[in-house]
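Visitor: Keeping their order, the protein sequence lines are chains A and B. Taking our numbering as reference, the numbering of the first sequence is continuous, increasing by one, and the terminal residue is 122. Taking our numbering as reference, the numbering of the second sequence is continuous, increasing by one, and the terminal residue is 124.
The hints are simulated quantities; they were obtained by calculation from the structure and are not laboratory data.
Keeping only pairs whose Cα atoms sit at most 25 Å apart, straight-line, the calculated DSS-like set for lysine-lysine is: (1) A:Lys114 / B:Lys56; (2) A:Lys114 / B:Lys120; (3) B:Lys120 / A:Lys50; (4) A:Lys114 / B:Lys59; (5) A:Lys50 / B:Lys124.
Which stretches of chain B does chain A cover? Using the computed rule of at least three CB atoms under 8 Å from a CB of chain A, they are: (6) 64-76; (7) 99-112; (8) 115-122.
Where a beta carbon is used, it is the ideal one built from N, C-alpha and C, also for glycine.
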Amino acid sequence: QVQLQESGPGLVKPSETLSLTCTVSGGSISHYYWSWFRQPAGKGLEWIGRIFTSGSTNYNPSLKSRVTMSSDTSKNQISLNLTSVTAADSAVYYCARDRSFMDVWGKGTTVTVSS
Amino acid sequence: DIQMTQSPSSLSASVGDRITITCRASRNIGRSLNWYQQKPGKAPNLLIYAASSLQSGVPSSFSGSGSGTEFTLTISSLQHEDFATYYCQQSYGTPWTFGQGTKVDIK
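My request is simple: use the sequences and hints to build the entire structure.
Guide: In structure tokens form, the structure reads like this:
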């Protein structure tokens, strides 16, 4: 079955760029939307945005100025870049297959923003 | 953005209890409402999509109903493994938004 695995630095300095990758196994990333979410410790879920493998993207307006998503079909990966991070961006970050409902999720990766 | 409000924020229940969680949308979203279960340290898990469709592999003790602005998630007989936090999510339009969560713990 389809499995997702997030990867990237666990610690990012303030003002720098957070970069994460989601590697999909057990199926192709083609023909689906893929979303990124985050969840600060002890808080709820926030949608960051999504990408279709054609390159079409939708971003949360609250983060739009700082977010870029991309996909690499040859590696079966999607990526997230979030610029100018602050402590408020510290969270567990998840990728998920987006069929308007999220039916497959990665296990998540914790990102801490600190100097 | 469409605001989603869940109630209650938390509830205490016993094994075998029937519980209901309510989710209200700030405007009409038809049946574009999904429910997730999340356990500590784990990713959310899809339970119900399109308001009442049971995701494959999810026990039939879970059910969803509603349309428009008011939706419910019902667990007909609470099991030990059901103690978790539950979230609703609207899929009527981006940005996708979630309720604040309902934590179900053991009485």
